[in-house]
Amino acid sequence: MESVGGVGGARVPRYFSDKASGRVLSEEERAAENVYIQKMEREKLEKLRRKEDKDKADAAKGDKKKGEEAHPS
1 MESVGGVGGA RVPRYFSDKA SGRVLSEEER AAENVYIQKM EREKLEKLRR
51 KEDKDKADAA KGDKKKGEEA HPS
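full-length UniProt numbering numbers the first residue of the sequence shown as 1 and each following residue consecutively.
Please note that a few of the clues may not be correct.
Said to hold, decoys possible - DSS-like, lysine-lysine: derived pairs with alpha carbons at most 25 Å apart:
#, residue 1, residue 2
1, 54, 39
2, 39, 61
3, 51, 64
4, 61, 51
5, 44, 56
6, 54, 64
7, 51, 39
8, 54, 65
9, 44, 54
10, 65, 51
What the hints assert, rightly or not - Pairwise CB distance ranges (calculated):
#, residue 1, residue 2, range
11, 38, 64, 30 to 40 Å
12, 63, 23, 51 to 61 Å
13, 62, 22, 47 to 57 Å
14, 65, 25, 48 to 58 Å
15, 25, 63, 46 to 56 Å
16, 24, 46, 51 to 61 Å
It should be emphasised that the hints constitute simulated quantities derived from the structure, not laboratory data.
Using N, Cα and C, we set each Cβ at its ideal position, and we do this for glycine too.
Construct the complete structure from the given sequences, taking the supplied hints into account.
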């Protein structure tokens, strides 16, 4: 069992459903699991977005430097 942050900073236990045992999660546990999954997906997308922005900025810097080298002042 792993704890995750709940509403208002309260710790909510997070249960992994085990298909072998057939344990059914309660409605509250499913809601907590869904919130956790959505949070992880948002963080993953944000991380990808930041990486893309950084790559674009690096590419723009590279293009600018190439332009300066081609036309020295």
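Here is how each hint holds up against the structure:
{"no.": "1", "hint": "54 with 39", "in the structure": "23 Å, holds"}
{"no.": "2", "hint": "39 with 61", "in the structure": "33 Å, violated"}
{"no.": "3", "hint": "51 with 64", "in the structure": "20 Å, holds"}
{"no.": "4", "hint": "61 with 51", "in the structure": "15 Å, holds"}
{"no.": "5", "hint": "44 with 56", "in the structure": "19 Å, holds"}
{"no.": "6", "hint": "54 with 64", "in the structure": "15 Å, holds"}
{"no.": "7", "hint": "51 with 39", "in the structure": "18 Å, holds"}
{"no.": "8", "hint": "54 with 65", "in the structure": "17 Å, holds"}
{"no.": "9", "hint": "44 with 54", "in the structure": "15 Å, holds"}
{"no.": "10", "hint": "65 with 51", "in the structure": "21 Å, holds"}
{"no.": "11", "hint": "38 with 64: 30 to 40 Å", "in the structure": "39 Å, holds"}
{"no.": "12", "hint": "63 with 23: 51 to 61 Å", "in the structure": "56 Å, holds"}
{"no.": "13", "hint": "62 with 22: 47 to 57 Å", "in the structure": "56 Å, holds"}
{"no.": "14", "hint": "65 with 25: 48 to 58 Å", "in the structure": "55 Å, holds"}
{"no.": "15", "hint": "25 with 63: 46 to 56 Å", "in the structure": "52 Å, holds"}
{"no.": "16", "hint": "24 with 46: 51 to 61 Å", "in the structure": "33 Å, violated"}
Violated hints, in rising order: 2, 16; the structure is consistent with all others.
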